[in-house]
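Participant: Each step along the sequence shown adds one to the number in the working numbering, with nothing skipped, and position 260 is 302.
Misleading hints may appear alongside valid ones.
Taking lysine to any residue and the SDA-like style, the derived pairs with C-alpha atoms no more than 20 Å apart in a straight line are [said to hold, decoys possible]:
{"#": "1", "residue 1": "378", "residue 2": "360"}
{"#": "2", "residue 1": "285", "residue 2": "300"}
{"#": "3", "residue 1": "285", "residue 2": "378"}
{"#": "4", "residue 1": "378", "residue 2": "214"}
{"#": "5", "residue 1": "285", "residue 2": "357"}
{"#": "6", "residue 1": "378", "residue 2": "227"}
{"#": "7", "residue 1": "378", "residue 2": "223"}
{"#": "8", "residue 1": "276", "residue 2": "379"}
{"#": "9", "residue 1": "285", "residue 2": "364"}
{"#": "10", "residue 1": "285", "residue 2": "301"}
{"#": "11", "residue 1": "285", "residue 2": "359"}
{"#": "12", "residue 1": "378", "residue 2": "276"}
{"#": "13", "residue 1": "285", "residue 2": "271"}
{"#": "14", "residue 1": "285", "residue 2": "272"}
{"#": "15", "residue 1": "378", "residue 2": "75"}
{"#": "16", "residue 1": "285", "residue 2": "210"}
{"#": "17", "residue 1": "276", "residue 2": "214"}
{"#": "18", "residue 1": "276", "residue 2": "286"}
{"#": "19", "residue 1": "276", "residue 2": "75"}
{"#": "20", "residue 1": "378", "residue 2": "354"}
Because the hints were derived from the structure by calculation, they are not lab data.
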Amino acid sequence: MPEIAGRRSALGWALNLSALALVLLWTFPTAGLLVSSFRTADQIAGSGWWRAMVPADRNLILRAAPPAAQREHEGLFVLEGNLFDEADAPRAAISAFGVSSRAIDAHRPGTTAELRNGERIEVAANGDYRHSSAQAMQGRRGQRVFVTATIAPSFTLDNYRHVLLDPHNVEGMSRAFFNTLTVTIPATIIPILVAAFAAYALAWMAFPGRALLVAAIVGLLVVPLQLALIPLLKLHNDLGIGKGYVGVWLAHTGFGLPLAIYLLRNYMVGLPREIIENARVDGASELQIFVRIVLPLSFPALASFAIFQFLWTWNDLLVALVFLIDSSGETTVMTKNLLELLGTRGGNWEILATSAFVSIALPLLVFFSLQRYLVRGLLAGSVKGG
43 MPEIAGRRSA LGWALNLSAL ALVLLWTFPT AGLLVSSFRT ADQIAGSGWW RAMVPADRNL
103 ILRAAPPAAQ REHEGLFVLE GNLFDEADAP RAAISAFGVS SRAIDAHRPG TTAELRNGER
163 IEVAANGDYR HSSAQAMQGR RGQRVFVTAT IAPSFTLDNY RHVLLDPHNV EGMSRAFFNT
223 LTVTIPATII PILVAAFAAY ALAWMAFPGR ALLVAAIVGL LVVPLQLALI PLLKLHNDLG
283 IGKGYVGVWL AHTGFGLPLA IYLLRNYMVG LPREIIENAR VDGASELQIF VRIVLPLSFP
343 ALASFAIFQF LWTWNDLLVA LVFLIDSSGE TTVMTKNLLE LLGTRGGNWE ILATSAFVSI
403 ALPLLVFFSL QRYLVRGLLA GSVKGG
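Generate coordinates for the entire structure from the input sequences, incorporating the hints supplied.
Facilitator: Written as structure tokens, this is what we have:
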């Protein structure tokens with residue numbers, strides 16, 4: 043007995059550690075997405091999100107004031123100021139500087155670098171500089187200075203202003219948001235309604251071939267989504283549905299029904315048989331039993347599937363690209379909009395992180411609203427049978 047208890051304890055620890063690892067596996071990327079949404083493009087390129095709270099060394103290219111601002115002092119033409127102020131950049135501590143891209147850290151702060159034509163420039167650790175020359179300096183642009191600076195952690199709301207307030211983005215984001223809602227809500231409700239009736243029939247109504255039908259539904263759970271895309275699209279075209287909201291609703295309904303029926307049927311089988319039999323003895327019809335007894339008792343399973351289906355359709359891109367073209371002639375959903383925000387070169391990561399975090403706000407709200415039913419519905423719907 044002590045050995046059995048010890049094995050159970052070890053198994054419990056292993057399960058708990060595995061669950062913790064899965065939680066961390068999903069939490070870290072979400073935390074990184076949130077932190078990155080408050081960082082600039084240069085910060086994201088310079089260091090990972092996990093270093094966002096510590097000072098970071100970055101190589102910057104700054105410029106002194108243009109020659110037009112020079113003044114004559116003690117026989118020299120002088121330009122003075124602060125490199126960070128000239129570039130409208132946040133102040134930082136300079137650890138090294140240079141005047142050539144081949145030697146960006148050739149000089150220490152407080153020392154003087156020799157330039158061509160006898161010019162000299164001295165840069166302090168706080169960015170203050172003194173650029174001097176025996177002759178009047180020519181040109182329209184100031185001297186370029188390469189600095190290695192230790193930049194303190196900083197965050198910005200500019201990304202959110204760009205995504206939520208910029209007129210060029212608001213229209214596209216709004217259209218994508220409402221289009222995604224138009225796809226997601228019916229694509230969640232329709233399979234729940236259909237699957238609830240089917241699950242009740244498979245759980246509490248006796249008819250020939252019921253076991254075979256249940257086995258077929260279980261088999262459909264392993265059919266790859268991609269395998270059915272082309273045949274289903276051809277069927278839609280033959281029926282005259284084409285590419286539109288009806289087509290994408292039916293596609294999501296078809297892909298979601300096997301899991302919905304499986305979960306709901308297994309949950310309904312576990313309901314007390316006495317309640318169903320007493321209702322039949324009292325003269326209740328099958329529809330009355332289903333609506334007044336079975337549906338209310340099956341709400342945890344309904345909520346569990348609703349969470350999965352809502353998240354699946356909200357985050358879907360493939361099905362939308364295949365089956366949906368809106369009134370603008372394009373596929374405009376949140377996932378497609380996020381893809382376009384990357385830019386032609388895939389470099390707008392700060393905007394992508396912000397938009398992605400904005401897009402998951404509604405799914406998170408749905409999840410936290412129904413999470414108390416999730417575990418109960420999944421456990422009952424996945425282990426019971428009959």
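Participant: For each hint, tell me whether it holds in the structure or not.
Facilitator: Cross-check of the supplied hints:
1. 378 - 360: holds (10 Å)
2. 285 - 300: At roughly 23 Å apart (the allowed maximum being 20 Å), residue 300 and residue 285 break the hint.
3. 285 - 378: This hinted pair holds, its Cα atoms lying about 16 Å apart.
4. 378 - 214: holds (11 Å)
5. 285 - 357: Given pair residue 285, residue 357 holds - Cα atoms ~19 Å apart, limit 20 Å.
6. 378 - 227: holds (18 Å)
7. 378 - 223: holds (14 Å)
8. 276 - 379: Not OK: residue 276 and residue 379 at ~27 Å, beyond 20 Å, violated.
9. 285 - 364: holds (8 Å)
10. 285 - 301: violated (25 Å)
11. 285 - 359: holds (14 Å)
12. 378 - 276: violated (23 Å)
13. 285 - 271: Distance ~13 Å between residue 285 and residue 271 Cα, so the pair holds.
14. 285 - 272: Satisfied, since the Cα-Cα distance of roughly 13 Å is no more than 20 Å.
15. 378 - 75: Holds: residue 378 and residue 75 sit about 18 Å apart, inside 20 Å.
16. 285 - 210: Given pair residue 285, residue 210 is violated - Cα atoms ~27 Å apart, limit 20 Å.
17. 276 - 214: violated (30 Å)
18. 276 - 286: The hint holds at about 14 Å.
19. 276 - 75: violated (39 Å)
20. 378 - 354: Cα-Cα ~15 Å, so holds.
Checked against the numbered hints given earlier, the structure breaks hints 2, 8, 10, 12, 16, 17 and 19 and satisfies all the rest.
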